[in-house]
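Top line first, the protein sequences correspond to chains A and B. Residues 1 to 473, numbered by UniProt numbering, are exactly what the first sequence covers, in order. Residues 1 to 760, numbered by UniProt numbering, are exactly what the second sequence covers, in order.
Be aware that one or more of the hints could be misleading.
To be verified - Partner residues are not named here, just some residues of chain A that face chain B (Cβ under 7 Å, in silico):
id, residue
1, Phe133
2, Arg182
3, Lys213
4, Ser233
5, Pro328
6, Ala346
7, Asn372
Unchecked claim - Below, simulated DSS-like cross-link-like pairs (lysine-lysine); rule was C-alpha separation at most 30 Å, straight line:
id, chain 1, residue 1, chain 2, residue 2
8, A, Lys307, B, Lys403
9, A, Lys428, A, Lys455
10, B, Lys545, B, Lys627
11, B, Lys677, B, Lys548
12, A, Lys213, B, Lys527
13, B, Lys332, B, Lys344
14, B, Lys725, B, Lys612
15, B, Lys502, A, Lys213
16, B, Lys545, B, Lys630
17, B, Lys384, B, Lys308
18, A, Lys428, A, Lys454
19, A, Lys455, B, Lys454
20, A, Lys70, A, Lys59
21, B, Lys456, B, Lys502
22, B, Lys344, B, Lys308
23, A, Lys454, B, Lys454
24, A, Lys428, B, Lys725
25, B, Lys728, A, Lys428
26, B, Lys456, A, Lys454
27, B, Lys527, B, Lys502
28, A, Lys213, B, Lys456
29, B, Lys612, B, Lys667
30, B, Lys604, B, Lys622
31, A, Lys307, B, Lys725
32, A, Lys70, B, Lys403
33, A, Lys454, B, Lys728
34, B, Lys604, B, Lys667
35, B, Lys627, B, Lys604
36, B, Lys725, A, Lys454
37, B, Lys728, A, Lys455
38, A, Lys274, B, Lys502
39, A, Lys213, B, Lys454
These are calculated hints, taken from the structure and not from any lab test. The C-beta atom is built at its ideal place from N, Cα and C for all residues, glycine as well.
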Amino acid sequence: MAEAMDIDPPSSSNFPKIQINLSTRDTTLSIPLQPLRIPTNLKRYGLSTLVNHLLETSKPIPFDFLIDGKYLRTSIDEYLTQAGLSSEKPLDVEYVRSQLPPTYIGSFEQDDWISSVNISSPSPSSTILTGSFNGTAQITSLSGEVLARTVPMHTQSVKSTTWITHPGQSSEASFLTAGLDRTINLWSYTPSQEPLSSHPLQISPSTSYISHKSTITSLSYSPSTSQFISSSSDHTIALWSTNSSLLPTVTAPQSTAFTRKRRRTTTKPPSTIKKGPLAVLTSHTAPVSQVIHSTDPTAAYSVSWDKSIITHDLVTSQPVSTRTTQHPLLSITTLPTLSLLAAGSAARHITLHDPRESSRTVQTAVLRGHTNGVVSLVKSPENEYIFASGSHDGSVRIWDVRSVSSTSSTDGGDDGEGKSGGSLFVIKRESGSGKVFGVDWSRDVGLVSVGEDKKIQVNRGEGMADVTVMDQS
Amino acid sequence: MPTKVTTRKRSRAEAEAEKPVLSSEDEFEIPEINGDEDSSDDSDFTAGDEDSDEEEEFSSGAEDEEEEQDIDSDEIPSEDEASPKENGTADHDASGDEEAEPADNVKVVTGADGNPRHIYPEIEPVYDSDDTDAEETNTIGNIPLEYYENYPHVGYDINGKRIMRPAAGKALDTLLDSIELPKGWTGLVDKNSGAALNLTEEELEIVKKLQRSEITDEGFDPYPDMVEWFSSKVEQMPLSSAPEPKRRFVPSKHEQKRIMKIVKGIREGRILPHKPQAETSQEPEFYDIWADDAPPKPDHVMNIPAPKLPPPTHDESYNPPLEYLPNDKERKEWEEQDPEDRDKNYLPRTHKALRLVPGFNGFIGERFERCLDLYLAPRVRRNKLNIDPASLLPKLPSPDDLKPFPTTCATVYRGHEGRVRSVAADPTGVWVATGGDDGTVRVWEILTGRQVWKLKVSSDEAVDSVTWRPTTEGRILAAACGNEILLVVPPIFDFEEETQGKEILSAGFGYAANRQGKKEAPGIWSKPDTALEEEGVVVTITVRKTVKYIAWHRRGDYLVSVSPEDVRRAVCIHRVSTHLSQTPFKEKSVTKGIPQRVQFHPSKPLLFVATKRYIKIYDLAKAELSKTLKPGARWISSIDIHPQGDNLIVGSYDKRLLWHDLDLSTKPYRTLRYHDKGIRAVSFHRGGFPLFCSSSDDGTVQVFHGRIYSDLMENALIVPLKVLKGHKITAHLGVLDVDWHPKQPWLFSAGADGTARLWN
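Just chain A, same shape as in the assembly (with noise of 0.2 Å):
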């Protein structure tokens, strides 16, 4: 065994000194085992600096640290009487590049309330594509101009958009939308190279997709199969594809006389080619709220008010597992490298599950800290630990799966078996109130949330300098 190595600063000569073991998962960070005593009056910012100094970095990386699955944000002397821990213990410190709190940038308002968003690539630029209550879709500039919009093919409001191309990736961007009416629109956009005139472009659907009886919960498009999915209110998730030629042509039943005299006021939505679907999946015996592809372009995970999480095989059509949680779900995300599966529920909390056949708990964390329903979950673009979640609470919460810790487990002991952990930030909404209804991360835009408050509202974290980290839950 090493000898310890005795860190001294001058201030703290005076202070009791604990052995502790330095620790990372990132392997980039690594740095050799090596015990150090340290000065117990050491807080996260004489950490990170002593992990600098070690890793001799050129440019300082600003680190979090975390002893027990708990971030230190107090010095060692308190954490220690705290945990009602002794000092001559060694203790162990994981290392993680620290995680800014995200600051508001700004927020753009719609005129009605938004239902989902997502960003597109940044090449050229990014944008955002936001669906809204009342039934259309927007292209909004990251400086906020409206790009494009939708014509009013929906009827009733959009509960879910996505990109299948992005602007840049080709010469023409194409995405769905889906909600309440119970249909799919295909939509393609030119980005126009020229500044835009006052109006935005009005952009009219290519192909319309019709299967499911009831609101359309979410989509999600696999790039590399060419095939997207839709969860819906009728307990079923359909699989089509973006090859219009695969798809059966479906007749829109819209031609009664009830429903053309109620058209009759607006205006008359384009014509668009009906579809049908690749597969209808009907595992699920409650409204589906979120299908999502695996890494595997043929698996999907899908989340439903009954409780359950289920593996979809997409190419059989067939479910290959199924996981019964406590609760109702309401949103899920893949955190890939983890091989975890996040779900939101309506109990108001966050649920970590391992998807792998092998495992065999159900669920391996519960995250708690919302107070209302989670109905949006994504993962960061940077750190493979971090995701975030957008909640009926009105506040998008930002997680750290390292954080979790089994001590505080007891308060929840309906929840089952794992751990139990808090969030690292909190982003309230900057118009006060309001249910959020999507959020979306991207490295460039940052977090982009929208909700009640008919505001897309964007965070980032941004002053890589010293910031100083609090934890706002």
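Please arrange chain B on chain A, whose structure you already have, making use of the hints.
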């Protein structure tokens, strides 16, 4: 005042008289039930070997009765208390009269007590006094007269002169006696004839009888032979037509009471049926007065032995270990203390040998104190039961174990102007419909709280009730506004479902046309005007008076409406497939009271009609009243039937939530009083969760766990879970309606503050 006292006394006496009867009856049941088990005990008892203890019991029982009689007799003096008082005043008056005419020689003085006092003159023994008037009587003294038989005198007077013998007349008498008197001689002279008045034999007999105060009639028998009407002989015919009194064939309660007292004594061991006679030893009892312990006294309630003194400790030793010896400081401290404050009344001392220990100079004082302690401090045996009060509470599971249930407000549905009167969740669990005072029906998306459809039904009348047709095919919403019931297919559904719903509703139009011209139907089915038709309204049913509540039959073909204002046709059943309305109760007298709520039984052909005070269950198949529930509430506001159909909850405006088990009784099984104000709505969860809730004008919704066991012997388990607060009280109205999500443990509430809420 005295009468009041007596009535109270009497009632107490009656209560005391009744109480033992009741308890003895209760106890009387026990030996009957246990008769087989301990028949030996009974036989012992029936052998009737009453020994002295039992006699005691009897006598004590008699005492009890006497006590009761005493209490009874107490009434009389208390009632008559007034009369002696009156007498007293009368006496006083009389004495006043006497005062008015006092005798001459009597002096009247006011006595020390304030009353007049008569002082009579003293009697002086002078010659004038009465004594001197006394005549001289025989002075011969205590000498028998026969001594003077041979002398002419019979004695001597005070002066020594002889007192001569008076004339005896003995010779004359003997002469007269010797003359025989004729029969009937009276010695009287008949004034009319002058002859001697003689009496006949009969007359003499009568006179004699009169002298003996007998009845003079000849042949009258004052003591005739008695006819024994009531004899021990059994007669062929009864003497009286009065029925046999009940006491002849009913076991005597008094005897039963006495017997039960003995039985109780035997059970408690106070009375031993075959106790061997205590051998009364002739030897005198001695005891060793020098023994450490007093002879054990018989165990008795009043005998509480004195507590023992604690044994001596180390510091009371004649040579205690050093650490027990006080140092100078402690000694000084002890000496300075007041004797009463000292924790012990000695200082430990050390002596080389026990024989060197001096006498304890405070011995007498200490004994005296001990004696004072023993007889001044009352020793009471406390009959305090050592029971943890918590253990007496019923064992209820913790609410945490009964999750899930709604705890927080998840969504607020804002949009209604004015009160939201009614809320109903769609059977698919995706939509929720509300109706309000602004005359609109609105449909909302459950989680987001987005209003997806709105129908303005009326500008001046409120939508009092909305409810979805409880079937999976065809989405039909029924809404009651004013005296109209609208059957709507909201245009938010899939085309197929929408068409299906409209077909179901339109199917009956032909029937309605065929029935035209017959007698006036209670409800008129008609097509709405085009403005409403475009909004999705398919049929309107117009009844006479304002419809307050509507409920669907589980199959969705029948719809029942309540219009409490319509006296004759308050309850109306509408059939969707034939567009016909009928009133199941022709007369108001059938329901007796204004119907408030009506519900169909979830599985049987029963109709529950809640009037203000009663809930009547009608069998629709047999067309008869099958049961009447009496919840005891003053004004029922709402009812709901458990999805299994055997239980019922009733909410009332007098703050009570009542749970009825239909198999148990017509009285409520459980009464829950948790609300501060009247209950407006109650609801059972129908999607598999054992939950129910009540909403009240105090602005809260209370959620309960109500589990029903399939075992019929086990009663329902009711646990209050959560009070949901959030609705604001507006104009003394709180939460007006509640409904459960059909599948999830989510709750919808409609408030008077213009919002509806989702709780999860």
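Against the structure, the hints:
| no. | hint | result |
| --- | --- | --- |
| 1 | Phe133 | holds, 6 Å |
| 2 | Arg182 | holds, 6 Å |
| 3 | Lys213 | holds, 4 Å |
| 4 | Ser233 | holds, 5 Å |
| 5 | Pro328 | holds, 6 Å |
| 6 | Ala346 | holds, 6 Å |
| 7 | Asn372 | holds, 5 Å |
| 8 | A/Lys307 / B/Lys403 | holds, 15 Å |
| 9 | A/Lys428 / A/Lys455 | holds, 13 Å |
| 10 | B/Lys545 / B/Lys627 | holds, 28 Å |
| 11 | B/Lys677 / B/Lys548 | holds, 21 Å |
| 12 | A/Lys213 / B/Lys527 | holds, 28 Å |
| 13 | B/Lys332 / B/Lys344 | holds, 14 Å |
| 14 | B/Lys725 / B/Lys612 | holds, 28 Å |
| 15 | B/Lys502 / A/Lys213 | holds, 17 Å |
| 16 | B/Lys545 / B/Lys630 | holds, 27 Å |
| 17 | B/Lys384 / B/Lys308 | holds, 22 Å |
| 18 | A/Lys428 / A/Lys454 | holds, 14 Å |
| 19 | A/Lys455 / B/Lys454 | holds, 25 Å |
| 20 | A/Lys70 / A/Lys59 | holds, 26 Å |
| 21 | B/Lys456 / B/Lys502 | holds, 20 Å |
| 22 | B/Lys344 / B/Lys308 | holds, 17 Å |
| 23 | A/Lys454 / B/Lys454 | holds, 21 Å |
| 24 | A/Lys428 / B/Lys725 | holds, 24 Å |
| 25 | B/Lys728 / A/Lys428 | holds, 26 Å |
| 26 | B/Lys456 / A/Lys454 | holds, 26 Å |
| 27 | B/Lys527 / B/Lys502 | holds, 12 Å |
| 28 | A/Lys213 / B/Lys456 | holds, 26 Å |
| 29 | B/Lys612 / B/Lys667 | holds, 15 Å |
| 30 | B/Lys604 / B/Lys622 | holds, 12 Å |
| 31 | A/Lys307 / B/Lys725 | holds, 27 Å |
| 32 | A/Lys70 / B/Lys403 | holds, 29 Å |
| 33 | A/Lys454 / B/Lys728 | holds, 26 Å |
| 34 | B/Lys604 / B/Lys667 | holds, 21 Å |
| 35 | B/Lys627 / B/Lys604 | holds, 14 Å |
| 36 | B/Lys725 / A/Lys454 | holds, 28 Å |
| 37 | B/Lys728 / A/Lys455 | holds, 29 Å |
| 38 | A/Lys274 / B/Lys502 | holds, 25 Å |
| 39 | A/Lys213 / B/Lys454 | holds, 21 Å |
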